[in-house]
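Heads up: the sequence lines are chains B and G, in that order. Numbering follows my numbering, with no gaps: position 263 of the first sequence is 263. Numbering follows my numbering, with no gaps: position 134 of the second sequence is 134.
A few of these clues could be false.
Listed next, with one range per pair, are the computed distances between beta-carbon atoms [what the hints assert, rightly or not]: (1) B:G106 to G:R42: 53 to 59 Å; (2) G:I20 to B:K176: 52 to 58 Å; (3) G:V26 to B:E299: 58 to 64 Å.
Covered stretches of chain B (chain G as the covering partner; in silico rule of three or more C-beta atoms under 8 Å from a C-beta of chain G) [what the hints assert, rightly or not]: (4) 31-41; (5) 46-57; (6) 236-246.
FYI, nobody ran anything at the bench for these hints, they're computed from the structure. We treat Cβ as the ideally placed atom computed from N, Cα and C, and that holds for glycine.
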Amino acid sequence: MIRVENLTRRFAGVTALDSISFEVRRGEIVGFLGPNGAGKTTTMRVLTGYLAPTSGRVSVAGLDVLLDSREVRQKIGYLPENVAIYPEMRIIEYLRYRGRLKGLHGRKLRSRIDDVVSSCGLGDVRRKVVGTLSKGYRQRVGLADSLLHEPEVVILDEPTIGLDPNQIRMVRNLVKGLAPRHTVLLSSHILPEVETVCERVLIINRGRIVASDTPGSLVGLLKGNMHVSVEIQGPTDTVKTELETIPGVVKVTYMAHDVWGPYVCECAKGRDIRTEIFRAVAARGWVMRELRSERQNLEDVFVAMTAEDIQPSQAGNGAAGGEHGKEVAA
Amino acid sequence: MRRFLTLWAREMAGCFLSPIAYVIMVLFFAASSFTFFFGVLRNAGEVQSLVLLVVSAIVLWQPVLITVVCMRLFAEEKRTGTIEPLMTAPVTEAEIVMGKYAGALSFVLLVSLPVMGCVYALAALSPGVEFIDNGAVLGGALILSMLSAFFVAVGLFVSLLTRNQIVAAIGCFSAAWLVVLFGHLLAQIPLPWVYNSAELYSVVSHVEAFARGSIDTRTLVQYVAGTWFILFVSVRMLESKRWL
Chain B
1 MIRVENLTRR FAGVTALDSI SFEVRRGEIV GFLGPNGAGK TTTMRVLTGY
51 LAPTSGRVSV AGLDVLLDSR EVRQKIGYLP ENVAIYPEMR IIEYLRYRGR
101 LKGLHGRKLR SRIDDVVSSC GLGDVRRKVV GTLSKGYRQR VGLADSLLHE
151 PEVVILDEPT IGLDPNQIRM VRNLVKGLAP RHTVLLSSHI LPEVETVCER
201 VLIINRGRIV ASDTPGSLVG LLKGNMHVSV EIQGPTDTVK TELETIPGVV
251 KVTYMAHDVW GPYVCECAKG RDIRTEIFRA VAARGWVMRE LRSERQNLED
301 VFVAMTAEDI QPSQAGNGAA GGEHGKEVAA
Chain G
1 MRRFLTLWAR EMAGCFLSPI AYVIMVLFFA ASSFTFFFGV LRNAGEVQSL
51 VLLVVSAIVL WQPVLITVVC MRLFAEEKRT GTIEPLMTAP VTEAEIVMGK
101 YAGALSFVLL VSLPVMGCVY ALAALSPGVE FIDNGAVLGG ALILSMLSAF
151 FVAVGLFVSL LTRNQIVAAI GCFSAAWLVV LFGHLLAQIP LPWVYNSAEL
201 YSVVSHVEAF ARGSIDTRTL VQYVAGTWFI LFVSVRMLES KRWL
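Looking at chain B on its own, in the form it has when it is part of the complex (with noise of 0.2 Å):
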């Protein structure tokens, strides 16, 4: 549906975007993930023919987004990172307005204009003039404006920035609901959103593509050594020796934030040793509070192929390299 080749865009003196290349295939859901200033935006807005490439082909729905600029448009619901909307205009005169402007007339109009106002939860302020609505607000009325159209292409650049956190929850679903029907890209800074909502993720850093794939498999990407996390009230250096003459156990380490601990334990690649942990507790007579296998996630991902001095090729280290990722992100 989106197909992206080579694209590079500079700025004056800048390298934006340096020969990206990445597909979109129909009825997907694509995270776009990256710092600020990776080159997030500036990819949105080539998609949606904002600005134009350097060099490099950008098509959508088999078309061209140069040649074939406004059928494109056409094809394209577009949710700006900074929602502006005219201050002085109410929102059901804003979304007829730009309903006309999509081509939209007559009875089609008003049904649609009914319908994306009420999955962006518009009712009660469909006569409140825009100047006077919250930031939520305004995000949800540019929401709408973008599905208006009922496009087949959705690239929405933040959409929960700003919101609360129903409204952040509502806006997932209706953005999982888009789903079958929409193509959707979008970006956000919330990577706990992107793993729920997104089928597959894109990692952009410095104009580049460092990263494509489900969040499941970048999360495995990183599995290195797996740590424990387990708190235990005893004799600490007791524990300590205990716990690490269970066999898998590499190395652990002492956190002493209370009598708890935490404990961190180290273990080998594939090894679950959370049972004979808590075998050598029991055993011993010790109290345990908690017992817990630190999951990585995607905020690790993230971390590692991101961060200044690490290349994308190291980035399977494992856990290490997530570690030192976050102190230098830190």
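Given chain B, put chain G in place with the hints provided.
For chain G alone, kept in the frame of chain B given last:
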């Protein structure tokens, strides 16, 4: 075409939904009609064309009107970011430029042409004015429309150049006065082929001729072509923004 009309309607709505529009209307009407009456009083007892006086009064104040109307056109959209949804909607640059142009021009004409009514008001109030040359009034209205069309095109172009409204305002105002004084400036250049043709570009002499009712098609062509050219450049300018 429908998209052009939508943009036009939006531009007009943008004018009339803000209180500034009504303030401008009142101030412009007051300023230009007082200028007209001041001109009438100064020329009391002489033979003087009332139509010329009223058209001159309007032209004198039009640069201010053009500035206030045109400075927002693109500069404001760029500053607030509403240009992004506009440029990513399925409309062509030509539709955007023409829609905005038509909206601004309609507003300018709506504000300035009624001032011509001062002539009739004066005639109704004073027994000294026996008859009004409707042909001259029509000629005056025509040159005013032509001049407004050209002014608004220039203002729109200036507004495209910047995102700062103050810069746009100063640019529009200077450009409008440059248009008015262009003929006079040419007349100062000491080259015979330049100062001999200066008359052709002088807004003042155009106004004088049209306000007598003498409609010169060369002048009409000149304004229409000039307007068309500036709008064409504006469309190209807007297209080029995607590449910068």
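Hint check results:
Separation of B:G106 from G:R42 is about 57 Å and conforms to the stated range, judged on CB atoms against 53 to 59 Å. Here the CB-CB span from G:I20 to B:K176 is close to 44 Å, at odds with the stated 52 to 58 Å. One distance hint, 58 to 64 Å for the beta-carbon pair G:V26 and B:E299, holds here, with the actual separation near 60 Å. Counting residues of the region 31-41 of chain B whose C-beta lies closer than 8 Å to any C-beta of chain G gives 0; at least three are required, and the coverage claim is violated.
Here the region 46-57 of chain B counts 5 residues with a CB under 8 Å from a CB of chain G, which clears the bar of 3, and the coverage holds. A count of 0 residues in the region 236-246 of chain B with a Cβ less than 8 Å from any Cβ of chain G is obtained; the coverage claim is therefore unmet, three being the minimum.
Hints 2, 4, 6 from the list above are not met by this structure, while the remaining hints are.
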